[in-house]
Amino acid sequence: MFMRPRERVILALKHEEPDRVPIDLGATSVTGIHARAYHDLRKYLGLSEKSIKIIDVEQELAEVDRDVLELFHVDVVNVNRVLEPMAPHPYIYRFASVVDGSLKEVSDREFYVWRAPYGVDVEMPKYIEIVEETDGFIAYIRGKLFGKIPRNGYYFWGLDRWKQLIPLANVKTVDDLKKFDWDSYRVPDDYVDVLGRRAGYLYKNTDYALYFGWAAVLHETIQSLRGWDRWLSDLRVRRSLAEAIIDNLFEVLKYNVEKYVDALKDFVQVIGFGDDFGTEEGPQISVQTFREFYKHRYEELFNIVKKRSKAYIFFHSCGSVYPFIKEFIDIGLDIINPVQISARGMDPEKLKKEFGEQITFWGGGVDTQHVLPLAKPDEVIEHVKKLIKIFAPGGGYVYASVHNIQPGVPPQNIVAMFKTAYEYGKYPIR
Amino acid sequence: MSLDVLSSIKDSLANLDMDKTIDFVKKAVELGFKPIDIINALADGMRVVGDRYERGEYFVSDLIVASEIFKEVMSILEPLITRVGEVVRSFGRVVIGTVEGDVHDIGKNLVITMLRANGFEVIDLGVDVPPKRFVEAVKQYKPDIVGMSALLTSTMVNMKRVIEALEKEGLRNSVKVIVGGAPITEKFAREIGADAYGENAVTAIEICKKLVEELKRAKQKHF
Numbered sequence: 001m002f003m004r005p006r007e008r009v010i011l012a013l014k015h016e017e018p019d020r021v022p023i024d025l026g027a028t029s030v031t032g033i034h035a036r037a038y039h040d041l042r043k044y045l046g047l048s049e050k051s052i053k054i055i056d057v058e059q060e061l062a063e064v065d066r067d068v069l070e071l072f073h074v075d076v077v078n079v080n081r082v083l084e085p086m087a088p089h090p091y092i093y094r095f096a097s098v099v100d101g102s103l104k105e106v107s108d109r110e111f112y113v114w115r116a117p118y119g120v121d122v123e124m125p126k127y128i129e130i131v132e133e134t135d136g137f138i139a140y141i142r143g144k145l146f147g148k149i150p151r152n153g154y155y156f157w158g159l160d161r162w163k164q165l166i167p168l169a170n171v172k173t174v175d176d177l178k179k180f181d182w183d184s185y186r187v188p189d190d191y192v193d194v195l196g197r198r199a200g201y202l203y204k205n206t207d208y209a210l211y212f213g214w215a216a217v218l219h220e221t222i223q224s225l226r227g228w229d230r231w232l233s234d235l236r237v238r239r240s241l242a243e244a245i246i247d248n249l250f251e252v253l254k255y256n257v258e259k260y261v262d263a264l265k266d267f268v269q270v271i272g273f274g275d276d277f278g279t280e281e282g283p284q285i286s287v288q289t290f291r292e293f294y295k296h297r298y299e300e301l302f303n304i305v306k307k308r309s310k311a312y313i314f315f316h317s318c319g320s321v322y323p324f325i326k327e328f329i330d331i332g333l334d335i336i337n338p339v340q341i342s343a344r345g346m347d348p349e350k351l352k353k354e355f356g357e358q359i360t361f362w363g364g365g366v367d368t369q370h371v372l373p374l375a376k377p378d379e380v381i382e383h384v385k386k387l388i389k390i391f392a393p394g395g396g397y398v399y400a401s402v403h404n405i406q407p408g409v410p411p412q413n414i415v416a417m418f419k420t421a422y423e424y425g426k427y428p429i430r
Numbered sequence: 001m002s003l004d005v006l007s008s009i010k011d012s013l014a015n016l017d018m019d020k021t022i023d024f025v026k027k028a029v030e031l032g033f034k035p036i037d038i039i040n041a042l043a044d045g046m047r048v049v050g051d052r053y054e055r056g057e058y059f060v061s062d063l064i065v066a067s068e069i070f071k072e073v074m075s076i077l078e079p080l081i082t083r084v085g086e087v088v089r090s091f092g093r094v095v096i097g098t099v100e101g102d103v104h105d106i107g108k109n110l111v112i113t114m115l116r117a118n119g120f121e122v123i124d125l126g127v128d129v130p131p132k133r134f135v136e137a138v139k140q141y142k143p144d145i146v147g148m149s150a151l152l153t154s155t156m157v158n159m160k161r162v163i164e165a166l167e168k169e170g171l172r173n174s175v176k177v178i179v180g181g182a183p184i185t186e187k188f189a190r191e192i193g194a195d196a197y198g199e200n201a202v203t204a205i206e207i208c209k210k211l212v213e214e215l216k217r218a219k220q221k222h223f
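So the protein lines, in turn, are chains A and B. With UniProt numbering as the guide, the letters of the first sequence map in order to residues 1 to 430. With UniProt numbering as the guide, the letters of the second sequence map in order to residues 1 to 223.
The shape of chain A in the complex, shown without the other chains (with noise of 0.2 Å):
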């Protein structure tokens, strides 16, 4: 029996068994590798040396080439993939150079070799222009500052993480907020006109599943424009203001997602939201603070795709969110990521009795902070092949490794985690 991609996510995600567990490498920023990581495995398996290039500046990851597609039996693809196969449809970025000032038009599709300071040739896109210091590199998205990459280090750290630019940090009344560029958020017609025709080309020439993100993030980008632990502090000691913060933003995230689901609802299976509500050891905030600011509002989000298109909605949040996920169910959730099964509370075996049947888990396949970077070959193996014993059965359930594959993941262990996925997946479970 032969089984396309496209049909085999599906029927995982209608809690179905397909012929094997779905694979996923690459199709979303937090399903995928980093350069460092995706160069050191290429080279381990013999594949062509070639640059590798960034779709993700801040994490540094790599688009995935179709010969590693291949070989491990991905079946879903992002709709912005700048490798084959890919869409034939650039999109055009005008903005004023910070090297030399002059007014620079390039597509998202052109790229430049830059020697990473992790020791890898990488082609980063040429809307992104990278400045040396003494310590790291700084590097401008389209004329605006955009993060910061020490000489020894792996990642690009966003602004608020340096300390250089939290927007909001100052503001103390309702009345402050008009000052901020609110609209700046908001999605141009013709990005969103280029998605669709990328969508349609892809669904078309393709048979792989496809995947679009973030189609609104709100609890993170308010952090990030607050300051991550006042925002924090925000949602309780000063609510009136924080109720403002959230309804500025919200009102241009509902019209951003309203805005992609018109362009890919007849092409796109599954539509990305993110924000990590999680850490080590607990949620962040309580699910009484969840439902007080949040609840309501993904709701909207969520009946936005639900009325307008059959795709299936994926929510990302990293760390130990395990008291959310019934409200992520409530509010017509389909699909949670990472299941970051190392933090407390994200037991697999209770993850999947109590929710198992009405959400899919998209990750959950291996521990990547202990397991995946230390462990031999053979511990991933088995390690692997228990988590798949417990997340496959009844479907409802898509390998991908917990979060980004990192720098250091020994290239053995990468191979054995996908090969493993391959050939235990395969329904019935044994």
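If you are wondering where the hints come from, they were derived from the structure by calculation, not from laboratory data. Given the structure is predicted, the values throughout are model-derived calculations rather than measurements. Using N, Cα and C, we set each Cβ at its ideal position, and we do this for glycine too. A hint or two may mislead.
Using 20 Å as the maximum straight-line C-alpha spacing, the simulated SDA-like pairs for lysine to any residue come out as follows [claimed, not checked]:
#1 B:K71 x A:T134
#2 B:K187 x B:Y197
#3 B:K26 x B:E54
#4 B:K132 x A:T134
#5 B:K20 x A:R236
Now the stretches of chain A that chain B is said to cover, found in silico as 3 or more residues with beta-carbon under 8 Å [to be verified]:
#6 145-153
#7 235-248
#8 277-289
#9 399-411
Keeping the supplied structure of chain A fixed, place chain B upon it in accordance with the hints.
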């Protein structure tokens, strides 16, 4: 009546009521309470916050609110302390930083606030701190404890380099080293030769108190 104010301070901090805590602190100052007693009441409140966090009743957002209240209150008390000339008894001195290559500091900052709230003197070296800066800080401040934080498996290896640098300078035995951060484990702490592993900001406080005691005893043995 007099003790009511102090236990009100403790309770309102424990219940994360910023306005009430500030009001009661101001009242206590008016009534002539010594800053040290007010700080002890705050420390008691912080301990309740820590307990509730450990029991899963409070979350990181609550620890952050507690630390915000504490900082607000300290800004009221500090001028008083210097004016009165009172020396706030220090449980110990800690030098703390996030290791080289790593810029995560939320956990570290929570530890710092909890330490200060519990009477420790803390020097914050910030983030992306290379081994030689840890060494310089130990020479300059002569702390009891060196604390290191890392969030990444790729940067936690730098903790070992700091310990080796301290050994090389003959400073290792003059301090106790505590490490913490998401990928850090008890096993890792032992392997790299640290003295302790702090699972979170709350457990770190009790561990630091024990470490200071251990260090005192070790130093006394030399006489």
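Hints not upheld, ascending by number = Violated: hints 1, 3.
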